[in-house]
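Undergrad: Assemble the whole structure, with the sequences as input and the hints as a guide.
Chains as they are written, first to last, in the numbering used here: chain F, 1 to 271; chain R, 1 to 271.
Source of the hints: derived by calculation from the structure; they are not laboratory data. Keep in mind that a hint or two might mislead.
[To be verified] To spell it out: a stretch of chain F is covered by chain R in this simulated footprint if at least three of its residues, at any positions, have a beta carbon under 8 angstroms from a beta carbon of chain R; those stretches are:
1. 53 to 66
2. 110 to 124
3. 163 to 174
4. 218 to 225
5. 247 to 260
Values in this document were obtained by computation on a predicted structure and should not be read as measured data. Ideal placement from N, C-alpha and C gives every residue a C-beta, glycine not left out.
Each chain is listed here by its residues.
Protein chains: 2
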Amino acid sequence: MAGTDKTRNQVLGPAPFVVLVNPQLGENIGTAARAMANFGLHELRLVSPRDGWPNDKALTSSSGANWIIERAAVHQSLTAAVEDASYVYATTARPRGMTKEVITPEQAGRDMRARIARSERVGLLFGRERWGLNNDEVSLADIIVTAPVNPAFASLNIAQAVLLVGYEWYKLEAASLGQETPELAALDGPGLQTPDTRPATKEELFGFFDHLERELDAAGFFKTADKKPGMLRNIRNLYARAALTEQEVRSLRGMVASLTRAHERRKENEK
Amino acid sequence: MAGTDKTRNQVLGPAPFVVLVNPQLGENIGTAARAMANFGLHELRLVSPRDGWPNDKALTSSSGANWIIERAAVHQSLTAAVEDASYVYATTARPRGMTKEVITPEQAGRDMRARIARSERVGLLFGRERWGLNNDEVSLADIIVTAPVNPAFASLNIAQAVLLVGYEWYKLEAASLGQETPELAALDGPGLQTPDTRPATKEELFGFFDHLERELDAAGFFKTADKKPGMLRNIRNLYARAALTEQEVRSLRGMVASLTRAHERRKENEK
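TA: And the structure:
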């Protein structure tokens with residue numbers, strides 16, 4: 001299936017960004033970039049690539065998707081890499097023991113398209129070569145994407161995972177561009193009606209999480225230090241599922257602030 | 001997306017066979033076999049592989065899809081490789097100047113499934129690394145399969161082409177096997193993974209709402225009486241969207257209780 005038309009320029013339209021978390025080999029970054037280019041994805045973000053950045057092997061193995069490698073952004077943490085997004089998809093090979101919705105690449109493609117049509121910024125997370133994303137990382141995402149794969153041979157490398165999700169995104173994008181594809185089905189995703197507000201950015205959401213954690217710490221909510229990470233993960237997961245708006249995040253912060261000052265009010269009432 | 005379940009045996013059910021025409025590098029044969037294994041394809045036919053057969057590199061680069069490499073059949077000509085098939089799909093990157101129907105991998109997936117359900121033998125042709133299938137070879141096929149790909153970056157290697165067509169085949173196969181895919185789960189409801197817990201009953205949820213309202217009232221959160229109904233509605237809406245589990249409702253109640261007693265803890269710490 002070789003056949004790039006070199007007379008065409010890259011069209012860098014609105015598209016999901018791709019986050020590779022702790023990628024190990026430059027080759028894998030390059031082949032992931034190539035898969036992105038196949039399907040019109042162009043914004044690559046790297047969280048602490050093991051071998052540093054820039055990486056010559058990433059460039060040479062991208063098969064000419066130079067513009068993606070050259071513009072890739074490096075972040076020190078996953079939270080920093082996704083903070084401008086309103087919705088984040090975590091790709092995993094297998095269901096996790098986590099209360100989070102799981103969808104297919106096909107469903108993700110539809111959902112991403114609907115969100116981008118509403119000018120949302122959305123991101124796709126891919127884990128390390130060896131063991132994918134850890135549970136904390138998954139808990140920062142809104143939803144899990146898992147491809148239907150032969151359970152007796154489920155290993156997909158990063159580029160292949162990018163390829164499948166990118167393909168499902170592009171199928172619909174191509175259709176909307178009038179490029180000939182068959183699947184012109186209704187594209188209205190599971191969109192929320194958000195009157196007078198907008199989806200919260202991850203920065204706003206993480207700000208709420210930090211605020212809540214600080215106050216719960218002060219209140220002695222986390223009984224033991226070893227239980228705290230799991231409890232925090234569960235809390236993040238439940239709020240992530242709610243797909244909060246910016247206004248709701250402000251309300252939640254207001255609630256937390258009120259509750260922690262409740263005793264002052266009580267004393268006033270007793271006067 | 002690593003995650004093969006090694007306790008499962010390969011199921012070698014009826015599936016399309018894959019023909020690689022004049023493959024050059026053993027590595028590409030191996031990675032194509034790996035992509036086949038991901039999606040339950042298991043019969044590989046090679047037409048005059050350049051470097052002979054067997055080929056050690058094919059085996060080592062198949063990432064464990066040994067059964068496909070070891071059973072691969074070598075044919076001297078494409079006609080010999082497809083003679084037992086009733087229908088053959090030629091994959092190409094671009095439309096050819098040929099009067100032949102062109103379909104997408106998705107349409108091919110549906111068509112293959114329908115044919116195999118009627119006990120037809122069907123085959124998928126993939127061309128050489130450098131320049132794909134020639135026109136004579138395409139003319140031996142019944143139909144052309146072309147994936148929607150960014151026209152300005154259309155190069156897919158053989159394994160990626162196998163991956164996309166295999167994926168579209170397996171999506172439907174998995175559904176028909178009743179294999180639990182996220183897609184099927186989604187039809188039954190919100191497709192949540194709920195480990196060790198169950199969805200909260202409305203009674204539990206409303207109990208949390210009452211608790212929260214009581215405490216927010218005590219804390220003076222609702223500034224004016226006329227705003228309170230709307231604020232409460234927004235709060236209920238956001239928690240309703242999260243589809244809370246019973247355990248999460250208990251956590252939320254625990255958080256509210258902790259936060260309202262935070263001052264006691266603070267005083268303790270000050271002692």
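Undergrad: Checking C-beta pairs, does the segment 218 to 225 of chain F have three or more residues closer than 8 angstroms to chain R?
TA: holds (count 4)
Undergrad: For the segment 110 to 124 of chain F, count the residues whose Cβ lies under 8 angstroms from any Cβ of chain R; is that count three or more?
TA: Violated, because only 0 residues of the segment 110 to 124 of chain F bring their Cβ atoms closer than 8 angstroms to Cβ atoms of chain R.
Undergrad: Within the assertion that chain R covers the segment 163 to 174 of chain F, do at least three residues meet a Cβ-to-Cβ distance smaller than 8 angstroms?
TA: Check passed, 6 qualifying residues.
Undergrad: Establish whether the coverage given for the segment 247 to 260 of chain F by chain R is satisfied; the threshold is a Cβ-Cβ distance below 8 angstroms, and no fewer than three residues must meet it.
TA: holds (count 10)
Undergrad: Count residues of the segment 53 to 66 of chain F with a Cβ under 8 angstroms from any Cβ of chain R, then say if the count reaches three.
TA: Per the Cβ count (3), the hint holds.
Checked against the numbered hints above, the structure violates only hint 2.
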